[in-house]
Amino acid sequence: MSAADPVGALAARHRWRWPEALPWLAAIAAFFLFPGYLALGAQILASILYGLSIDLALGYGGIVTLGQAAFFGTGAYTAGLLAAHGFGAPEPGLIAAGLAAAALGALSGLAVLRLSGLAQLMATLMVAAMLQSAADKASTITGGADGLQNMAVGKVLGLFAFGLYGRTAYLYALVVLFVCFLGMRALVHSPFGRSLVGMRENAARMTALGAPVFARRLIAYAIAAGMAGVSGALYAQSTGFVAPDSLGFDRSGNILVMLLLGGIGRLYGAFIGVPLFMVAQDRLSDLDPAYWYFWIGLGLVLMVRFARGGLLGLAARWPAGRMRRE
Amino acid sequence: MRRFATMLAAAGAALGLTLAPAGAKTIRIGIITTYSGPLAPPGISMDRGLTLYAKLHAKDLPKGVKVSIIRRDDTGIAPATAKRLAQELVTRDHVQFLAGSVYSPDALAIAPLATEAKVPFVVMNAAAADLVRKSPYVVRDSFTLWQVAMPMGEWAAKHGMGDAYTAVSDYAPGWDAEGGFIAGIKAAGGKIVGSVRFPLNNPDFAPVLQRIKDLHPHTLFIFVPGGPQSTQMMKTFNALGLAKAGIHLVTTQDLLIDSELPKMGNIPLGVVSSGTYQEASPRPANRAFVAAFQKAYPGSVPDFPAMQGWDGMAMIFRVIRQTGGKFTPAQAMDILSHYSTTNSPRGPFHIDPATRDVVENVYIRRVEKLKNGQLANVRFDTFPMVSDPWAKMHPQK
Chain A
1 MSAADPVGAL AARHRWRWPE ALPWLAAIAA FFLFPGYLAL GAQILASILY GLSIDLALGY
61 GGIVTLGQAA FFGTGAYTAG LLAAHGFGAP EPGLIAAGLA AAALGALSGL AVLRLSGLAQ
121 LMATLMVAAM LQSAADKAST ITGGADGLQN MAVGKVLGLF AFGLYGRTAY LYALVVLFVC
181 FLGMRALVHS PFGRSLVGMR ENAARMTALG APVFARRLIA YAIAAGMAGV SGALYAQSTG
241 FVAPDSLGFD RSGNILVMLL LGGIGRLYGA FIGVPLFMVA QDRLSDLDPA YWYFWIGLGL
301 VLMVRFARGG LLGLAARWPA GRMRRE
Chain B
327 MRRFATMLAA AGAALGLTLA PAGAKTIRIG IITTYSGPLA PPGISMDRGL TLYAKLHAKD
387 LPKGVKVSII RRDDTGIAPA TAKRLAQELV TRDHVQFLAG SVYSPDALAI APLATEAKVP
447 FVVMNAAAAD LVRKSPYVVR DSFTLWQVAM PMGEWAAKHG MGDAYTAVSD YAPGWDAEGG
507 FIAGIKAAGG KIVGSVRFPL NNPDFAPVLQ RIKDLHPHTL FIFVPGGPQS TQMMKTFNAL
567 GLAKAGIHLV TTQDLLIDSE LPKMGNIPLG VVSSGTYQEA SPRPANRAFV AAFQKAYPGS
627 VPDFPAMQGW DGMAMIFRVI RQTGGKFTPA QAMDILSHYS TTNSPRGPFH IDPATRDVVE
687 NVYIRRVEKL KNGQLANVRF DTFPMVSDPW AKMHPQK
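Residue numbers (my numbering), protein chains in the order written: chain A, 1 to 326; chain B, 327 to 723.
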């Protein structure tokens, strides 16, 4: 990176490199190779988007969060409630879900971002826990623990119905993920994204430099929340179902594990960690429906011991590695 | 775009053709139940019951027909997971039956999928009353909470326990237990002095029970899903001294599930409950079932989920035997919803073809100490052949 030409250096970040096409080629190939796995595939794609939202908040923004499910669930319930009350068109539902979650992110961010470290962690956790209790309790609206019944999701573009085999759901999720990813990639490579990394590394210094730290973090947090909301809506629309577990701690915790597995703050971590975790989960629970968590746990222990920084971190240690942590 | 849509449709049709079950000599049965996590015990019990039946009766299948059981873990009350697993069992594994479901939220999520895929879904526990109406492909061999709790309410009111407080888990079966008990007690001239609902997931029973103790009702009706929460609730009940304070506990079989009784010490001694099955029943069909169960799984106690898994598999086996292994979903549903037996470990039961729900005896039992020192639910009264009262009170429009 040349210090003499900062504008050129920033512009160079936006340039596409060929390995960046791999995830998309793999996703398209998977559509044709595994027709029986498209329901799972759609959930993986939605979870990758969810992983990206965590990567933006935590990996780039340095906001320690254990409550991202608050936004995932808000998006899921927004899309779900719309579909259950006659507004079943998926695309407006998706946008409404993103906006609702982003609004909640901005609102809760006002409180959460004034804290740091462990206190921040607890605050994010509490936001999600409060919402989950509310969803549990407001059973006349949400269906409570039984979940939202009678969702009637319309056809994508008015043409393609969500069927039993998940083909529509898969392609729909893929397109949405791609569009959101383009936005996120442009964002993290922009001066705004660079300033987020600066704040993560040294917030005091960024303040001294005159950067509006709180405002920029709030914007990043709201955008991340919106992405989580869209991901939740994808989940809800493709399964035709929402339950309070979409706001649960597992939903917040597991995605963090998946992202750590892939590599955090690397933009592509979610593309590696999420499919790896979810496919392993699927295969292992097929082989051993009772004790599959053991094997997941063992894998994670080995991962943390031998490959800190996730798989992308491992790859970056090779001399030819190109996926640096930014 | 249009060409792409045609291509998709063609691919779908091709897949549909390969799916046709006709002539298959292996009958695939997809089991979705809870195998992992804190809520697993009833799921594992159910799996043991159905596995045991399939093992012991494989010889009764028509020549050349085999049964393959494909197991999936819904991880507890996780309806979205349950729904995806059902979808995969249908699209990947091409199962001809779906079965299992300990928890109603999971079964409610699977039901619309059974309709879409036209796959019979044998519910082996989930007890929310309206579940059978969610799909014409649902048939249930277990019970509904209305069915079990209403006789309990009637019995309580007739035996000097007509001033009752209800405390239930806050989800469909809990509401049903509350509704059934209240309807029963009011029908027999009793009254309700108060009601409380507590969260289903990770509940803390102490504040709930403390508040009830302070209010001091004469009788307390409790419902929690049968399993680890049962023991937790009974221990809290004991620790806070509700029985010593003179509060009389009545409940359904869920709180006093046979498999958890050994973990409760002497706490539940004398507690009256209503239920559809007790492990201690001397009925020959039950003694044979218990003996086979304990031989296959030493040290374990069969409970009502185990019995329901056993009976559910018996229903599926009857379909296979009557049709020689060749049947359409409609034929299978016809046999399942006319199922009747006098020889279940629980006693006689049948399925009402109009509702596809179970009709069976509801027993009033008391926890007693047996000669061997073990606690057991012992029957002393019977409400014969009870059908779901909720369905009668809420006719389908």
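Please note: incorrect hints may appear among the correct ones.
[What the hints assert, rightly or not] Derived, one-sided and incomplete: chain A residues facing chain B with beta-carbon distance under 7 Å:
id : residue
1  : TRP24
2  : GLY36
3  : ALA39
4  : GLY144
5  : ALA161
6  : LEU164
7  : TYR165
8  : THR239
9  : ASP245
10 : TYR293
11 : GLY297
[What the hints assert, rightly or not] Covered stretches of chain A (chain B as the covering partner; in silico rule of three or more C-beta atoms under 8 Å from a C-beta of chain B):
id : region
12 : 62-74
13 : 81-93
14 : 281-292
Calculated directly from the structure, the hints in this document are not laboratory data.
Think of the CB as a built atom: it goes at the ideal place given N, C-alpha and C, for glycine as much as any other residue.
Here is what the structure says about each hint:
1. Because the closest C-beta pair between A:TRP24 and chain B is about 17 Å apart, greater than 7 Å, the hint is violated.
2. Given hint, A:GLY36 at the interface with chain B, holds; its Cβ is 4 Å from that chain's nearest Cβ, closer than 7 Å.
3. Restraint check, A:ALA39 versus chain B: the minimum CB separation of about 5 Å is within 7 Å; hint holds.
4. Taken as an interface hint, A:GLY144 checks out: its beta carbon lies about 6 Å from the nearest beta carbon of chain B, inside 7 Å.
5. Hint status for A:ALA161 relative to chain B: violated, with the closest Cβ pair at about 11 Å, above 7 Å.
6. For A:LEU164, the shortest C-beta to C-beta distance to chain B is roughly 5 Å, which falls under 7 Å, so the interface hint holds.
7. Interface restraint check: A:TYR165 against chain B, minimum CB-CB distance 5 Å, threshold 7 Å, status holds.
8. At about 5 Å, the closest approach between the beta carbon of A:THR239 and any beta carbon in chain B falls short of 7 Å, and the interface hint on this residue holds.
9. Interface restraint check for A:ASP245: the shortest CB-CB distance to chain B comes to about 5 Å, inside 7 Å, so the restraint holds.
10. Checking A:TYR293 against chain B: minimum C-beta separation of about 6 Å stays under 7 Å; hint holds.
11. For A:GLY297, the suggested interface contact is broken, since its CB lies about 12 Å from the closest CB of chain B, more than 7 Å.
12. Taking a C-beta to C-beta cut-off of 8 Å, the region 62-74 of chain A contributes 0 residues in contact with chain B, too few for the three needed, and the coverage statement is violated.
13. For a cut-off of 8 Å, the count of residues in the region 81-93 of chain A with a CB near a CB of chain B stands at 0, and the three-residue condition is violated.
14. Counting residues of the region 281-292 of chain A whose CB lies closer than 8 Å to any CB of chain B gives 6, so the stated coverage by that chain holds, three being the minimum.
Going through the hint list in order, the structure does not satisfy hints 1, 5, 11, 12 and 13.
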